[in-house]
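Listed below are the residues making up each chain.
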Amino acid sequence: MTRLLSASATVLAIALAAALAGSLEGVRTVLAVAVPYAAFAVLVLGLSWRVVRWSLAPVPFRIPTVCGQQKSLPWIASSRLESPHTTAGVIGRMALEILAFRSLFRNTGSRLERGPRLVYREARWLWLAALLFHWSLLVILLRHLRLLVEPVPTLALVLDRLDGFFQVGAPVVYLSDGLILVSLTYLLQRRVRNPQVRYISLFTDYFALVLLGAIAVSGMWMRYFARADTVAIKQFAIGLTVFRPAVPANLGDWFFVHLALVATLAAYLPFSKLVHLGGVFLSPTRNLANNNRMKRHLNPWNYPVKVHTYQEWEQEFHDKMAAAGLPLERP
Amino acid sequence: MQTREAIAEQWLGRVWRAYPSQTAAFLAGEPDPFRNPVGSTLRQAVGILLDELLLGMDRARVQAALDSIVQIRAVQDLTPRQALEFLFELKPILADLARRPDLEQLDARVDEMALMAFDLYVQYRERAFEARANEVKRRVFILERRFGARGDATWQERGAR
Amino acid sequence: MSNPNPKPEELVQIGYQPPSKDWMDPSVEFRKGTFCYSALPKNLNYLGLPNAREWQPFDEDWKLPPDWKQIILDGMKERLEKYRSFRLFMDICVRCGACADKCHFYLGSGDPKNMPVLRAELMRSIYRRYFTPAGRLLGPLAATPLAGGRELTEDVVKEWFYYFYQCTECRRCSVFCPYGIDTAEITMIGRELLNLIGCNINWVLEPAANCFRTGNHLGIQPHGFKDSLDFAVDELEELTGIRVDASINRKGAEVLFIVPSADYFGTPHYYTFLGYLALLHEIGLDYTFSAFASEGGNFGLFNSHEMIKRLNAKVYAEARRLGVKWILGGECGHMWRVLHQYMDTMNGPADFLEAPVSPVTGTRFENARSTKMVHICEFTADLIHEGKLRLDPARNNRWTVTFHDSCNPARAMGLLEEPRYILRSVCQRFHEMPENTIREQTFCCGSGSGLGTDENFEMRMRGGLPRANAVRYVKEKYGVNLLACICAIDKATLPPLLEYWVPGVEVAGIHELVGNALVMRGEKPRSTDLRGEPLVELEAAHA
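Residue numbers (my numbering), protein chains in the order written: chain A, 1 to 331; chain B, 332 to 492; chain C, 493 to 1035.
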C-alpha cells in the first residue's frame, strides 16, 4: 500500500508543480520548451542506449521456448507459428506475440465451475486489459499527429474518424480514451487486489500505471472539460517540432500538467521496466527459430574448455578394458 | 442447508488461514483442479466431511475425504500438529452455528475423525519413507539383480551337481 | 441456528492481511526434506572447481571465500555482457504475474518465492542495486523496498541457493510470459554464480565428476559397462529367444547409439533398454555403443555452461574416433535439451559426420542435418510409419497408457507427436491427460535439474503434485495404470511420486512398450513382457 501511495503522491506532486510552473511567467517558457526537449532527448538517447546494450550482448545459444510440434518427419504437421523453423515463421510468431499478446492469451485453459457460482478466469482479463491498453495507447499517440504535423497525415485523420465513430458528445468522445481508462483502472485494481500480484509489485509498477493514468486523465480533461485551445496548442507543438519554439499565452494549466507528465514518462521510460516496448523484439526465447539441429548457431565467445580425452580415459582403464576384451587404441 | 454452506465456508476459511496469505488466496480462488490441486482437493474433501458429519457419518466416505487432505498435508511444510489442526478448527464453528442438541454428537464425530486422520497421517509418512527406500533400490536395480541372479545360479548349479 | 446467516463472502477469511514478511527479506530456513546436500570436496577437486570444503546448507557459516561478494558481482557483470537473455530478462519484466501460478513448486508448496517472477526478482533486486544507473547513483539508498534493490549479503547467497535449487529449469513459466522470460535461464546463471564461490549440490556435482572421469553419471567403468550390456543381452535372450549383438567401441559402425546411463542400470529404465536392443536388432541397424560416451545425460546443464561443454565434448569426439556416419540418441529429457540446443554450437561443427539417413527406410532426417543426431522416437516413428515393424499391440494389453511430456523434449524440441504416434501403434488403450497439463504446458516431475535426491524428497513430492494430480484424473476416468515418458529423470522420480500420490500407476519408457509389441523374426512365443510379467490373456482382453 505504501508503494501505491508513494507512487500516486509522486505523480500528484509532478502535476501540481507543473500547474504552478505554468502559471509563473518566467518558469513557463522553461517548462514548455526546455523540459520537452530535454525529456525527448533522454527518451531517444536512453532508449537507444538500452537497445544498443542489449544488441551488444551476444546470443550465445539458440534457446527458443518451443510451444508446438517441431519440424521433423514430413508426415507430421509441424506448428509453424508456435515452433517456427523458418524466418517467416519467426516473424509470424513475433507478430502474434507483439500485436496480439499470444503468450498472455495462453492463460486460458479448461475451466471448471464449482457450484452455482460463475467463476471468471482472471488471467484472460489480464490479456484483454493489456491488449486494450496498448492498442488504445498506440491509437492515441497516432491521433496526436494531428497536433504535430501540418498538413495532418491521412492516417491520423482516418484514425480520428474511426475512433470517434460513435459520434457521442461534443467534442466527440473517442473510443480509445474510454478504453485506456477502463484498462488502466483494471490493471491498477488488479495490482492492488490480487494478493499474488500485490506481493510482487514494486514502486515502479504503481508509478508507471498511475503516471499513465494521470496523463490520460489530464489529456481528456483538456479536451472534454477545460476545452483547451487546440489552435494554440497546435501552434506551440509545431513550433517545437521545427525548432522554433513559441509559447502562446492561452495554453492553460491543464496543458502544462499534461506536458510535464508526458515529459516525465518519456524521461523515465528508458530507465524503467517500460523498456519492454523495445526489449520484447529481442527476446531470445521468442525470436529464434526452432531449427537447432538443421542449422548451426554460432557463439561468438565460444572458448576451448578442459575436457577428458579418449586417450586419457583409455590410459586410466586400459588394463580393465583389455581384460574385458574391449577394443583398444593402444593394445 | 444454509447452515451447512455457512459452516463449510467458514471452515475452509480457517483451513486456508494455515497458509501464507498469498498462498491462501490462490488456493481459495483458483477453481481448476489441475492448476490448483491443493485448493480444489481441500475444498472438495471439506464438503464431504461436513456432509458426513451432519448426516450419516459414513466411515468409508469420511475415510476417503480425510485421505485426500492428509495425503497433501503429510508432505507439506507442516508439523504433525499443524497438519491435523484443521479438524479441531471445526469445533468452535460448530459451537456457533449448529443447533445445541446436536452439539455433543457432532463433537464426538469430530473426535472420531481426528483419530482416523491420525492413522492416515502416520500411514502417509510411512508411505513416503517406503517410496524413498524403493527409489534407492530402483537406482541400483541392475547391480542388485546381477549379483543376486549370479548368486542364485551358482547355488542352484552347485545343488544340481 | 441462532444468528442470522452471514453471507459466505463474509465468512471466507482469505488472508487479506499483509504477508508476515516482505519478499525482500532474504532469510530462509533450511528445513529437512526441502533442500539438497552440498557437494563433496572430492567432486569439486576432480572437476577443478573453486572453494572445495566441508559444509552443509544448514550450517551457520558457509565458509565462503573472503572476497565472495566481489566474485559474485564480477561474475554477474561478465554474464550480463555475455548473455543477451540475462541482461534482457533482468530489464524487461513488468511483474504482470502471468507466470505466478504456472510453477509446479509454487502450486505444490504455496511458497511465494517459488513464483517464477519472484525467483527472478531475487536476482533482479541485486541487479537493480549494483548494475542500473539509478542503483549506482543512489548506492545503498537503492537497497530499499521503495527502490526495489537489495544489498548483496550472505543471507542473499543462502536464499539464492535455496530457491535456485528449488527450480527444475522446466521452462513452463516461459511459455506463459508475454516476453518469453525464461526462469531456467536465470536459474542457470544463478547456479553458475553460486558455483563461483563453491555453493553447489552433490547430486549435481557427483554425477558430473563421475561422467567426466568414466563417461557416465554412475561412475561405471568400461568393463562394468560391458558387463551390464552383456547382462541385458542375456536377459533379452531369455525373454525372446533371440540373441542380439550389441557391440561396444566398434569402429566403422554406421551409427553411434548414446543413451542415458540410467537406462542400463536403473528400473524401469532398464526395460526400455531391452526395448532398444530388440528394436535395433530386428531392423538390423549397424550400430555401436561407446563405453567412453556411455552417458547421454549431462549434469553440466545444472552446473554451468562451461560444464555442459566439458561433458558434452565426448559425444562428437567419440563419433569422430569411431568413424560413424551419424548419432542416435535414447530417451532422455535434459540430455536432449543439450543435444538439441547446445551441442552443435558448443562442440560442432560435426562436418565429419553425414546427414542422418535411416538405412531401413531411406528417410533423410533433414531436421538433424547439421547436428547429425536423431532422437530415437523420430527414428522409430519413421520405421512404424514406413511399415518396417511388425507390431502386436495386444501384448501391451496389461496397460492402459497415458503420456507424460517431459519438459525438455516438449519445450526445447517440440517432440510432441512422434512419441504419441508410437504409443498409438504399440498399445491399444491410450488416453491423454487434461490439455493444460501436457504438450508445451506439461508439468514437471518435480525432480529435474539435479534435484532428484533422497534428502529433497518432501519438496519433490510437493513439486510433483500437479503432475500426479493429472495422472490421478486419468486413472479415475479411464483406468490408466501406466505413465509412459521419454526421460531418464522421469523414470527415476515419477515412480516414487506416483507411489505416494497415485498408487497403482506405473512408469515406463516408450521403447519398453515398443519392445513388448515388437514381433521379432525367429522369436519364441512370448509368454511374458520385458518385465517378465505374464502377458494378459488375449481372450480376456477381447472379452
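Among the hints, erroneous ones may be present.
[To be verified] Below, a sample of chain B positions facing chain C; criterion: calculated Cβ distance under 7 Å:
no.	residue
1	Y350
2	P368
3	L446
4	L451
5	Y452
6	R456
7	R458
8	A459
9	A462
10	E466
These are computed hints drawn from the structure, not numbers from a lab. Cβ atoms here follow ideal geometry from the backbone N, Cα and C, with glycine treated the same way.
Against the structure, the hints:
Among the interface hints, the one on Y350(B) holds; its C-beta lies about 5 Å from the nearest C-beta in chain C, closer than the 7 Å criterion. Because the smallest distance between the Cβ of P368(B) and any Cβ of chain C comes to about 4 Å, under 7 Å, the interface hint for this residue holds. The interface hint given for L446(B) is broken, as the beta carbon of that residue sits about 23 Å from the closest beta carbon of chain C, more than 7 Å. Annotation: interface hint on L451(B) violated; nearest CB of chain C at approximately 13 Å, more than 7 Å.
Annotation: interface hint on Y452(B) violated; nearest CB of chain C at approximately 14 Å, more than 7 Å. Taken as an interface hint, R456(B) does not check out: its beta carbon lies about 10 Å from the nearest beta carbon of chain C, beyond 7 Å. Checking R458(B) against chain C: minimum C-beta separation of about 6 Å stays under 7 Å; hint holds. Evaluation of the A459(B) hint against chain C yields a held restraint, the C-beta minimum of about 6 Å falling below 7 Å.
With a least beta-carbon distance of about 4 Å to chain C, the hint placing A462(B) at the interface is held under the 7 Å criterion. With 7 Å as the threshold, the beta carbon of E466(B) comes within range of chain C, its nearest partner Cβ sitting at about 4 Å, so the hint holds.
When each numbered hint is compared with the structure, violations occur for hints 3, 4, 5, 6.
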